[in-house]
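Colleague: These protein sequences, in sequence, are chains D and P.
If you count the first sequence from 1, position 330 lands on 330 in the working numbering, and the numbers rise without skipping.
If you count the second sequence from 1, position 78 lands on 78 in the working numbering, and the numbers rise without skipping.
Where hints are given, some of them may not hold.
As the list claims (entries may be wrong) - Below, simulated DSS-like cross-link-like pairs (lysine-lysine); rule was C-alpha separation at most 25 angstroms, straight line: (1) D:Lys37 / P:Lys37; (2) D:Lys471 / P:Lys559; (3) P:Lys37 / D:Lys559.
Since the hints were made in silico from the structure, they are not lab data.
Here's the letter readout for the chains.
Protein chains: 2
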Amino acid sequence: MDSRVIGILGGGQLGRMFIEAANRMNISVRVLDPTEKAPAKQISHFTPHIDEPFTSSAAIKQLAEQCDVLTVEIEHVNCDELAAVEQLGLAKVYPSSSTVRLIQDKYLQKVYLTEHGLALPEYTKCDTLDEAKAAGQKFGYPFVLKCRLGAYDGRGNYVVKQESDVESGFKYLGKTMLYAEKFVLFTKELAVMVVRRPSGQVATYPVVETVQRDNICELVFAPAQIDGQVRNLAMKVATDTVSCLPEGSAGIFGVEMFLHGDGHTVLVNEIAPRPHNSGHYTIEACGTSQFENHLRAVLDLPIGGTELKVPAAAMINVLGGTNGFKSVLDPCIASLEVPDATIHLYGKAEAKVGRKMGHITVVADSALQLRRRTDLIVGKLANASEEEQKRLEYRLSAPVPANEAVSDVEKKDVQEMAPLVGIIMGSDSDLPTLRPAAQILEQFGVPFELTIVSAHRTPDRMFEYARSAHKRGLKVIIAGAGGAAHLPGMVAALTPLPVVGVPVKGRCLDGVDSLHSIVQMPRGVPVATVAINNSDNAALLAVRIIGASCSTYLDAMAKYMDDMRTGVEKKIDRLDIVGWKDY
Amino acid sequence: MDSRVIGILGGGQLGRMFIEAANRMNISVRVLDPTEKAPAKQISHFTPHIDEPFTSSAAIKQLAEQCDVLTVEIEHVNCDELAAVEQLGLAKVYPSSSTVRLIQDKYLQKVYLTEHGLALPEYTKCDTLDEAKAAGQKFGYPFVLKCRLGAYDGRGNYVVKQESDVESGFKYLGKTMLYAEKFVLFTKELAVMVVRRPSGQVATYPVVETVQRDNICELVFAPAQIDGQVRNLAMKVATDTVSCLPEGSAGIFGVEMFLHGDGHTVLVNEIAPRPHNSGHYTIEACGTSQFENHLRAVLDLPIGGTELKVPAAAMINVLGGTNGFKSVLDPCIASLEVPDATIHLYGKAEAKVGRKMGHITVVADSALQLRRRTDLIVGKLANASEEEQKRLEYRLSAPVPANEAVSDVEKKDVQEMAPLVGIIMGSDSDLPTLRPAAQILEQFGVPFELTIVSAHRTPDRMFEYARSAHKRGLKVIIAGAGGAAHLPGMVAALTPLPVVGVPVKGRCLDGVDSLHSIVQMPRGVPVATVAINNSDNAALLAVRIIGASCSTYLDAMAKYMDDMRTGVEKKIDRLDIVGWKDY
Numbered sequence: 001m002d003s004r005v006i007g008i009l010g011g012g013q014l015g016r017m018f019i020e021a022a023n024r025m026n027i028s029v030r031v032l033d034p035t036e037k038a039p040a041k042q043i044s045h046f047t048p049h050i051d052e053p054f055t056s057s058a059a060i061k062q063l064a065e066q067c068d069v070l071t072v073e074i075e076h077v078n079c080d081e082l083a084a085v086e087q088l089g090l091a092k093v094y095p096s097s098s099t100v101r102l103i104q105d106k107y108l109q110k111v112y113l114t115e116h117g118l119a120l121p122e123y124t125k126c127d128t129l130d131e132a133k134a135a136g137q138k139f140g141y142p143f144v145l146k147c148r149l150g151a152y153d154g155r156g157n158y159v160v161k162q163e164s165d166v167e168s169g170f171k172y173l174g175k176t177m178l179y180a181e182k183f184v185l186f187t188k189e190l191a192v193m194v195v196r197r198p199s200g201q202v203a204t205y206p207v208v209e210t211v212q213r214d215n216i217c218e219l220v221f222a223p224a225q226i227d228g229q230v231r232n233l234a235m236k237v238a239t240d241t242v243s244c245l246p247e248g249s250a251g252i253f254g255v256e257m258f259l260h261g262d263g264h265t266v267l268v269n270e271i272a273p274r275p276h277n278s279g280h281y282t283i284e285a286c287g288t289s290q291f292e293n294h295l296r297a298v299l300d301l302p303i304g305g306t307e308l309k310v311p312a313a314a315m316i317n318v319l320g321g322t323n324g325f326k327s328v329l330d331p332c333i334a335s336l337e338v339p340d341a342t343i344h345l346y347g348k349a350e351a352k353v354g355r356k357m358g359h360i361t362v363v364a365d366s367a368l369q370l371r372r373r374t375d376l377i378v379g380k381l382a383n384a385s386e387e388e389q390k391r392l393e394y395r396l397s398a399p400v401p402a403n404e405a406v407s408d409v410e411k412k413d414v415q416e417m418a419p420l421v422g423i424i425m426g427s428d429s430d431l432p433t434l435r436p437a438a439q440i441l442e443q444f445g446v447p448f449e450l451t452i453v454s455a456h457r458t459p460d461r462m463f464e465y466a467r468s469a470h471k472r473g474l475k476v477i478i479a480g481a482g483g484a485a486h487l488p489g490m491v492a493a494l495t496p497l498p499v500v501g502v503p504v505k506g507r508c509l510d511g512v513d514s515l516h517s518i519v520q521m522p523r524g525v526p527v528a529t530v531a532i533n534n535s536d537n538a539a540l541l542a543v544r545i546i547g548a549s550c551s552t553y554l555d556a557m558a559k560y561m562d563d564m565r566t567g568v569e570k571k572i573d574r575l576d577i578v579g580w581k582d583y
Numbered sequence: 001m002d003s004r005v006i007g008i009l010g011g012g013q014l015g016r017m018f019i020e021a022a023n024r025m026n027i028s029v030r031v032l033d034p035t036e037k038a039p040a041k042q043i044s045h046f047t048p049h050i051d052e053p054f055t056s057s058a059a060i061k062q063l064a065e066q067c068d069v070l071t072v073e074i075e076h077v078n079c080d081e082l083a084a085v086e087q088l089g090l091a092k093v094y095p096s097s098s099t100v101r102l103i104q105d106k107y108l109q110k111v112y113l114t115e116h117g118l119a120l121p122e123y124t125k126c127d128t129l130d131e132a133k134a135a136g137q138k139f140g141y142p143f144v145l146k147c148r149l150g151a152y153d154g155r156g157n158y159v160v161k162q163e164s165d166v167e168s169g170f171k172y173l174g175k176t177m178l179y180a181e182k183f184v185l186f187t188k189e190l191a192v193m194v195v196r197r198p199s200g201q202v203a204t205y206p207v208v209e210t211v212q213r214d215n216i217c218e219l220v221f222a223p224a225q226i227d228g229q230v231r232n233l234a235m236k237v238a239t240d241t242v243s244c245l246p247e248g249s250a251g252i253f254g255v256e257m258f259l260h261g262d263g264h265t266v267l268v269n270e271i272a273p274r275p276h277n278s279g280h281y282t283i284e285a286c287g288t289s290q291f292e293n294h295l296r297a298v299l300d301l302p303i304g305g306t307e308l309k310v311p312a313a314a315m316i317n318v319l320g321g322t323n324g325f326k327s328v329l330d331p332c333i334a335s336l337e338v339p340d341a342t343i344h345l346y347g348k349a350e351a352k353v354g355r356k357m358g359h360i361t362v363v364a365d366s367a368l369q370l371r372r373r374t375d376l377i378v379g380k381l382a383n384a385s386e387e388e389q390k391r392l393e394y395r396l397s398a399p400v401p402a403n404e405a406v407s408d409v410e411k412k413d414v415q416e417m418a419p420l421v422g423i424i425m426g427s428d429s430d431l432p433t434l435r436p437a438a439q440i441l442e443q444f445g446v447p448f449e450l451t452i453v454s455a456h457r458t459p460d461r462m463f464e465y466a467r468s469a470h471k472r473g474l475k476v477i478i479a480g481a482g483g484a485a486h487l488p489g490m491v492a493a494l495t496p497l498p499v500v501g502v503p504v505k506g507r508c509l510d511g512v513d514s515l516h517s518i519v520q521m522p523r524g525v526p527v528a529t530v531a532i533n534n535s536d537n538a539a540l541l542a543v544r545i546i547g548a549s550c551s552t553y554l555d556a557m558a559k560y561m562d563d564m565r566t567g568v569e570k571k572i573d574r575l576d577i578v579g580w581k582d583y
């Protein structure tokens, strides 16, 4: 594809997956890593690698002399030597040494981002015990003491619970270059990969939710199950963060963020100037993976598609456990039985506790199906009881609506998912009419939201709701209205989504007034009208609409129809047995 | 993942992509191939490979001694030696030597499949000129003379146009082991990958359409743009074909088929006992790729998901051309600009004319978007004129409905796609009312079908149509009906798909009769009802339903609504200028 040779500092799993992408395009990559059989080197033959530390000046220089572009898979590298390579013009360095240096020092990174208008958790420099105590007074307790350099996966952090902890924090971290950070009450941790070409052009991947355990990323869900407007905000924050980095900041960047407890404030936590664990899902789930886009960016080639090509994906880290390789292989073996799960094992020689040995990516046609598939693997990972395993396995194969015992667990899961259907009504007096719609959606495991939007009393709100609906991730809107019943039609005029109208029966005219108001739309703007007061059917229509392109819900609808048939068959039997007189 | 070592005979592109899958799972593969830097060996370091011909008995034995399982990436191997490996118990051989031997000889393969009840084009053994002439009399001219052994990519075939050609055919093929085959008037060539475990359990990938040029596969479209019932038949034929193979037939198999000119007969052409060019799309488009599933099958691990995880995918072969590597790189460079295109280059040392050097996979959210993306790359491949390139690039970015000039070309493309919407009506007298729906769908580039289905006059047909609709690939049904208007509701009772009902105005009651019949469905079975006689809105609703999960059509709907607004704005301007008196 390209005759230029790339040199990479570090030969771990990120380097390995980078080379996997390069192999596909037949581009040569040389690895600098002290381990002779480092993961990255295992899948690259005939290209001479260098078995030296990636901090070694001589080795970096040697690599630069043999390559056209240098890049990194870890930010803790020798920036002085990278700067020398740049100055001597031995090779291009992406991201540049100054970008890596800026990001290496988390305090400088934060100062830079603050200066460029990004919102971050409050922080302050903390070189002395007195400064730390002052931080405690300013931020309140608990707050976090952090190392400016060399920290990763939660190492280099210390939670200070009270003033008397400050000293032990300094001892524990054992370093002088520290800073203090206010403890953020966040509801979710979000992350976004952003790729940037040398020209500064950027492309942004979807927002994902990361789940940490003991400060190590355990799970990633894509897309994040949050309101679409917050998703859009997080994408903007990530894009702005990477866009404001200095010239020469080319390559892929991982931006970690907090979703504040208020539900709508997004704060930047930190940046990684390289492929990131939260972006592994892109291999199976996006048009172009983070690794290939990193490759394209450092070669200044056009950036590939960053959007999700599947409806939902999850990434499960496989860590070394106390059982060594058994802890690693157990979840992999479990995932062989889970449809559309892909195993990545990095070929590391030893399975130390907590070491990232591999990961598993799962894709699915819906957040519901994804949850079922992920739970099964995570259950094996967490050594769930045999009974719990069986429940999870049952859920994997169960059609929706599942039986009641399972359904209750799933209802809670589904409540936390981003809504696909919006139920709106002009007044709370319509709730009794619309409640069956909510019950049907709950029964089918369709995430939904329900609120009051009145065409005549809250016209601005109606505009805002309808105009933003598809950007927020809704797929169908159900609108109930009585009398003049303008809501469904007006909403349909403001959204490209399908709108289902439920005519609500008023005190006069038996609901025929609202039926005609809703159904007799002019050419150009359709409303899918159902029977008067029949919001059950509106919800069932919404399930059919979602099911048209999602077999999880299509199968559920087929089962629902089958259940209706057997329900009537039972009545037929009873009528036969009891007779019409006593029925 | 698994400590067993696999040995593969052949180190070309199929071996390379097989190793790519094995690398991900950290499974060791040893390659037997005479070329030192064969494509497969390039991405596998630290595992000793054997640089000997894969026909060499000694080398095969050596490989077997070092491995637990042997497999092949090419069927033209030394079956005697594989049989010896099996007999000596040196390693498992999947697929078994007897399966490979059966498939190597295309005539024996055909006899075997015929004996097992599969339908094939007529064929007969042809060792002598007289037998060939008899075949000509039996099959008519033209017919095809084929070599039983060693044929691939169209080599080893000779079209006999008249009796006097027979002799030159024998000369051209230069072999005695020939057979004759009747020329099949087919409309499409189909292919299906089937994976089989040693136990005999099989899983089947979707049906794809292959487009050949000069007997070499040029393009693959997944899923095949044919009626879903034919797709299901082709899947069944492929499944039956691989299931009937002898015991020991484990691994992945490619089944090539013809769709007969009658539009519904599927004939088996031939089988490949290995990963196949028509299955490359599975890497990006399916839950588990053909290569990983081959790996899983030969290790007797559970088979991974074989369904499409994206709505549509295409594969474009990149062949060596008269310009050498330039011919190879040009389409790759073009594809860098196409969203969701992935380049695979095999690392072959020389770009000979017609040699498979790589391939490009494109995925998309619809057949329409796929066509646009594919055309752009194929245009570059075929050295389309600059003007044509511009047209293709325009189409790539154009929202649907595109401008008229483009639209006419696309309308033709769309007509050949599998329908997503079915428009049905009780009588041809309803056609004037339903025609606008067809026009809207055509304008939006939505593939559709239109036919007569009457609830009261053709009840059996209605049952058949509605029950099979989702299996045939439809996503929405539009049903128009007047008077008693039972069609929409009855169809909705028989399908899990969304049904849009159009009340048709009759001679009395102004269509209110049909409106009420259609909209007032009982709880459990919804019909999305639109205004009386307003089939435009039925089609627009269908576009919104498809667009709910397909941004190509969602964007098109947003543009349509914007066009409506500007259309009214123009009228406002005209009214202002002309005045209400002269308007």
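Colleague: Hint by hint, note whether the structure agrees.
Modeller: For each hint, the structure was consulted:
The straight-line distance between the Cα atoms of lysine 37 of chain D and lysine 37 of chain P is roughly 20 angstroms, inside the 25 angstroms bound, and the hint therefore holds. A distance of roughly 15 angstroms separates the Cα atoms of lysine 471 of chain D and lysine 559 of chain P; the hinted pair therefore holds under the 25 angstroms criterion. Between the alpha carbons of lysine 37 of chain P and lysine 559 of chain D the distance comes to roughly 55 angstroms, so the proposed pair goes past 25 angstroms and is violated.
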